[in-house]
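Number of protein chains: 4
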Amino acid sequence: MQQFDAISPIDYRYYPNNEKIFQQLQPYLSENALIEYMAMTEVALIAGFADEGICSKEIFEEIKHTAPLITAEQVYAEEKRIHHLVRALVNCFGEYVSPEAKRFIHLSATSHDIICTAEALRYQDITQKVLLPKLLELEKTLLYVAEKEKATLQIGRTHGQHAVPITFGFAIAEYVARVGERIHEITAKALQLRGQLSGAVGAYNASSLIVKDPVAFEKNVLAKLNLKPATHSTQIVVPEFMTDYVHSIISCFGVLANLADDMRHLQRTEIGEVGELFEEKQVGSSTMPHKKNPIHFEHVKSLYKATMPRMMTLYLDQISEHQRDLTNSASSRFTTEIVANFYLAIDRLTRTMKKLAVDKEAMQRNFAMSKESIVAEPLYVLLSLHGCQDAHEKIRVAAEIARLEKKSLLQKVREMPELLEVVVKFTPEQKQILENPEQYLGKAVEKTEETCNYWRKELGL
Amino acid sequence: MQQFDAISPIDYRYYPNNEKIFQQLQPYLSENALIEYMAMTEVALIAGFADEGICSKEIFEEIKHTAPLITAEQVYAEEKRIHHLVRALVNCFGEYVSPEAKRFIHLSATSHDIICTAEALRYQDITQKVLLPKLLELEKTLLYVAEKEKATLQIGRTHGQHAVPITFGFAIAEYVARVGERIHEITAKALQLRGQLSGAVGAYNASSLIVKDPVAFEKNVLAKLNLKPATHSTQIVVPEFMTDYVHSIISCFGVLANLADDMRHLQRTEIGEVGELFEEKQVGSSTMPHKKNPIHFEHVKSLYKATMPRMMTLYLDQISEHQRDLTNSASSRFTTEIVANFYLAIDRLTRTMKKLAVDKEAMQRNFAMSKESIVAEPLYVLLSLHGCQDAHEKIRVAAEIARLEKKSLLQKVREMPELLEVVVKFTPEQKQILENPEQYLGKAVEKTEETCNYWRKELGL
Amino acid sequence: MQQFDAISPIDYRYYPNNEKIFQQLQPYLSENALIEYMAMTEVALIAGFADEGICSKEIFEEIKHTAPLITAEQVYAEEKRIHHLVRALVNCFGEYVSPEAKRFIHLSATSHDIICTAEALRYQDITQKVLLPKLLELEKTLLYVAEKEKATLQIGRTHGQHAVPITFGFAIAEYVARVGERIHEITAKALQLRGQLSGAVGAYNASSLIVKDPVAFEKNVLAKLNLKPATHSTQIVVPEFMTDYVHSIISCFGVLANLADDMRHLQRTEIGEVGELFEEKQVGSSTMPHKKNPIHFEHVKSLYKATMPRMMTLYLDQISEHQRDLTNSASSRFTTEIVANFYLAIDRLTRTMKKLAVDKEAMQRNFAMSKESIVAEPLYVLLSLHGCQDAHEKIRVAAEIARLEKKSLLQKVREMPELLEVVVKFTPEQKQILENPEQYLGKAVEKTEETCNYWRKELGL
Amino acid sequence: MQQFDAISPIDYRYYPNNEKIFQQLQPYLSENALIEYMAMTEVALIAGFADEGICSKEIFEEIKHTAPLITAEQVYAEEKRIHHLVRALVNCFGEYVSPEAKRFIHLSATSHDIICTAEALRYQDITQKVLLPKLLELEKTLLYVAEKEKATLQIGRTHGQHAVPITFGFAIAEYVARVGERIHEITAKALQLRGQLSGAVGAYNASSLIVKDPVAFEKNVLAKLNLKPATHSTQIVVPEFMTDYVHSIISCFGVLANLADDMRHLQRTEIGEVGELFEEKQVGSSTMPHKKNPIHFEHVKSLYKATMPRMMTLYLDQISEHQRDLTNSASSRFTTEIVANFYLAIDRLTRTMKKLAVDKEAMQRNFAMSKESIVAEPLYVLLSLHGCQDAHEKIRVAAEIARLEKKSLLQKVREMPELLEVVVKFTPEQKQILENPEQYLGKAVEKTEETCNYWRKELGL
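Protein chains in written order, with my numbering: chain W, 4 to 464; chain D, 4 to 464; chain L, 4 to 464; chain Y, 4 to 464.
Looking at chain W on its own, in the form it has when it is part of the complex (with noise of 0.2 Å):
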């Protein structure tokens, strides 16, 4: 099969046509990662058994140095003959090794301890080693911006319209407090992931047979890769640590879905507050050569509505009839495209926040255009507090009468002697803020200082 007759978009357009990309998911997320995997998981098997003198350490060194040897394209041949996975791997083990190590493979191992134990293995490692470096990397970027735009005045926004003002700093903070602790999250729920060896029905039926503590003899052979048994299984590791990483990826990747579309529309010909630098040859549209889009973070948000129902999938998967069915077993070997998809969005998202442009001319512009109105809530606050009553009615009145009036709203309420004669009574520092409603921010600048160092000292950043 070549490159472009592939079917999965992931695998003739986003995977390989980017070296960098390629080189951090192949060696975990291909199915040639997934047969090293679970050859691994058989040599620890073997170890285990030269520990407890069941076989030499001479037939486990034999098994170990076999292992890299093994290809999936030979497991796949073998398997093309016997209609069986697993046993096609052992059948390659046997293919190198002495008839006497021979039968100490996969000795009283059922498949999915193989695969199972595999399988939570390299996600733990890509979590390990690919995804959260990469988390980190956006989240170092947005604490970049977060910090650098801590007092850039923007307006804030609810419901698309102007409400009161912000910084576009405070803005990203958010963001940085939301991958922050989606990095937590994902970081325990990887660490949860448990493999297994209690064979076919989950009761070490076999492994009795061979050694005198099976469930010891499960500990420690999974101990030999990092990982640890649930306290209970079946032919298969109870399905919710699974469920709950898989989770933390998809509800991750619905904040960076979030982050992409507010920054799509921050990027609106109207409001153009931020934008994405374009390569010099890039081409925007192919009939409008003016266009500049976001496609970009049209991607993220794409690639989120293509993976995000996938958690169905995973929800229905839970559902293993008695000590399992099999119907979990083409379904769950699409996990791999919801990381890839995952990491793409990750990588994409953080290569454009680096070189995201930001308008405080735009910024400055779009606050003017409601600096007036903005007043309404700080006034009615100030009214209420120094004794005005019912003063959200009357100022939501008073600015629906400026507006036919078209006069600021300060100016309306200084014209009504019930409410001016409270007005007077504000201190200087609060006038300041009714004549400029620039300042009416809140702790918007300390509150980003306070959760940017929060996350960085959280993450050791």
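Incorrect hints may appear among the rest.
Heads up, the list lumps identical chains together, so a pair's fine if it works in one copy or across two of them.
[As the list claims (entries may be wrong)] Result set (DSS-like, lysine-lysine): computed pairs, CA atoms no more than 30 Å apart in a straight line:
hint : residue 1 : residue 2
1    : Lys-215   : Lys-428
2    : Lys-151   : Lys-409
3    : Lys-295   : Lys-23
4    : Lys-222   : Lys-192
5    : Lys-231   : Lys-151
What the hints contain is simulated information worked out from the structure, not anything from laboratory work.
Once you've looked at the hints, dock chains D, L and Y against the given chain W.
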């Protein structure tokens, strides 16, 4: 990229390892295929220009002969440089044709005129040429089994409990009807797929500069590809045509999954009414050498679980801001996987149903378990019919007592004077059914025939 | 239970607080309604018996007049005792009718003959009597806006960026077409809903004891309710008819959500092209007295997010083991919520679109922002048409330079001799468009008319 | 609105018909409950003001005593007038308190300070007070069954096929572990729910006008409700805390569904290993008076199918534009239904598991069906262990031949000299297992004890 470096199980496992499957799917679902369909669409546009006298016939011929030369590999190499796939395709054309011809390529079209049209084309083609023939093969297989087993006694099951008798053919006729009905739906919805040639925002802005009646021009160009436009479009074809098409597939997938589940359960050790014939060297379990598992039916269910949730991506992609945002770009590329998994499931299910072993003895044996209690329903109905009050409640209680006294229900009823006096009024045929509950088959046989005849005729089988 | 003890927001908030909405939905979606439809179905069965002479006309009349007396409250009280809803309904009939009549009630039917048929009926009824009229009202509103604003200049937007011009009517015509097309689909799929009277396992076992031709009998009974049977059934109607029906609703919900999103974004403070008219005493924000938020459009989107994923429940309910398992029982009850939410969304959207304020000045102002760069597309097309090579690339570069030199694109192009020599060949009309990009409207106006005319005719509006 | 006018099955059927369930859910999930929690939150804000000396203790006392007077009915009547729920609540307070007190109510808060905080509170409360006790009751029931049946021989099943033996207690211990582990997760995620008091855009703009340190002020107010703020917020609490909480529920629901499926299948007529005890007057089928269906287990699965897909709504609600859009408002109200369905499922499952009938004879009988072939696994393992090459393949072939020759596998093996010479080397204990496959139990009994002990300790049961 090598096969086993792929991340999608479709690309390393389910698709390229079987030459027949590869040859069925590659011409429609691979990226090579998409590029071909896009080139074909660009050519149709030029044919339209030639019809209008915008360009010469010679230029059309030149471009037409160029199209087959263009490869995905070449287009992707150019895309790497300019970051725009459709413009890359246009540039690739440009490398082969004369400058005079070059300027007409893609003229007035927007990228998604080409992409949406090419997508509609390839999904129509694979439906007509691959999916429907495959579904008809499954339907024929189901018809064969239903007709062959139309009189094979089987206990009907509701709630997993024995209910009243049917025949195995009747049970399969359910799927004849459901698959038949889905074939109609898939056919209809594939034919509904629409192309377009309405430019950057759907208002024919650019094509209005070139041709007098761009709406008629669009119709003419699409007609060359056997496609029609929708009544309105934006930068993209309105999404509902594709949403409906994928729904028709997903809902058919649900029927396949249900059939697979039914067969899996009939194959349970305790039930054993059907079996999958195994190939000679096939291994059932890596540790239990005696096992024969319903892996093909499990596989179909598993593909379903991997695929069904993705319908949500189609629903999410219905939403595209204003004249379009690009957040459907990556996500819609994954539709190929949905179609591929669907094909794989039909193929696997058909092959397995073809060699389905039906164990009539087991069906008889299982039926016999409930022979006694089946009588309850006809008894209650006949009692009511012959004038007995509250027959349902009386039989419910009698069945309870019979169970406790370990008598047959009929025996018990005969001991109850109040019921006995009604039972004696039953006709000989009615008594016959009570004595021989295997005759309480209703219209199972006739209905099986009727259903099969109906669908044979509807589908021309 | 009191209203505010309800747990579903439909029951405490969205439905009973508005008398009109209540009166529209209660007769179809409440449990009172379901019980009524079920009683109606039981009566149809008796009518069938009377036709066949199984029971007398008098008995039919007696039972028919009893049906309206039965209340959900009464049925539920009886269900509490016997734990079976349909049998409880039968018992309630029994309390009113003579013993002679009583024994015919429900005779030969299984619970789901009654429930499936009643469900088909009520969803057909609410579709015909409530949903479609409501959708047609929305369609009329959209037609009104589209036609009224067919010539109102608006900048077309793709990727949230200014593209080339359209009219606001053209933008709305998109929704005329999409809603129109969904009206067709919903109509068709509601008509496809099927009833049944085929007994415990679908094989007419019980009814075969009573009537000669139970298949014809089923047809006759269903015809009394204006329903048809499917070509095959089990204990339940095959699920695909309901799956398709709900899909038609969900996919229409996606169109509503898209329209709502478009309007929300056009209402952004910086864009301000449309607005929702506020009621006089309405409060926009609990703390910001000046705010006017697009809450109705947001509400539609929110209902969509609450509802769309539930399509997965319908897909899951396609799978029912053998002649049926009961795992679709509770889940299918929630379909009422899907229909209710859909109604609520149409109603809210229609009311909001009816009082939509369109700010033509804002549309002009926004258009003016991009007036200069819009020229790029017609320029490239006309240059190509007049023989210029690589016009797209040349204009892309020129646009880039113009931006840097703060010149207009047209100005820049005139400074480039190579382009200027082609530009001079343009016709006066072509030049006119370049000078007045607001005329670069393509067929926006005509297409709006065409689309509106088409759907007016199709839907008889 | 009357009960049977409700549209949600929760409101007309599952919730109000059982007084116990009503009393458990109403105080947290009804709208009456939400309004109460919101009033409680407004009171906490005033308590904060009193602490800071912004208002007097008397005002705090006055407002505090007013809160319980406010009803949902009253708030909704006011909302009808002003179209804003939180402002309506504030106005209702205002009707009871002095003008002096009134002006402090809600001062500086935004609606979602109150709503988000109230939601966090009520979901924490129902988790602590209702869900976790109920889950612990289920866990105790499972522990009881597991320990009671720890030595009850059952055939292990994979792929629905007999595999090797376990005990029924061991099978249940799987659910002890999985439910136990989910109890941990739900506990943790409920505790993670967060409140807020950060104003209209999260930057403490308004509260900065009133108190010196609004961040500390927020902490103090939330502490009064036993809540904490997140590290950052916008107009709303960042969504991931709620996403995680609902995921913990949905993933636990999957465990319940799996248990229900297992029990349903063990209850199949042919298997008959477990049963649901029926109430005396309970009707199993409206037409088949003899039927006893696993309706409670089916109900749990059905609630799961109705609920699980709604997780997607939570994921979609993670995306909120800028400092917030309102598209999560209606959708998040439906979270109450998720929690209600979850409670209903635990309750039903617990009650059913409590009266689960275990048929040990049926388990023995089913085991006996596969007694012969079970030997295959230990035979292959022991042969390998004692030096035999390719034992797995040899036994697979021998099992095939034995099946054809209708011999026992052991018998066949003894006829094969090559294998016999190894078999004679087996120890007496090993031979014992081959002769008595019911002893091939591995560590099923010990592991059941270990798992039960572990979770008893972990959960303090």
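So, going through the hints one by one against the coordinates:
1. Lys-215 - Lys-428: Classified as between; 19 Å across copies, 86 Å inside a copy.
2. Lys-151 - Lys-409: Intra 38 Å, inter 29 Å, cutoff 30 Å: inter-copy only.
3. Lys-295 - Lys-23: within (26 Å within a copy, 44 Å between copies)
4. Lys-222 - Lys-192: Both ways: Lys-222 and Lys-192 sit 20 Å apart in one copy and 29 Å across, limit 30 Å.
5. Lys-231 - Lys-151: between (43 Å within a copy, 28 Å between copies)
Of the numbered hints stated above, none is contradicted by the structure.
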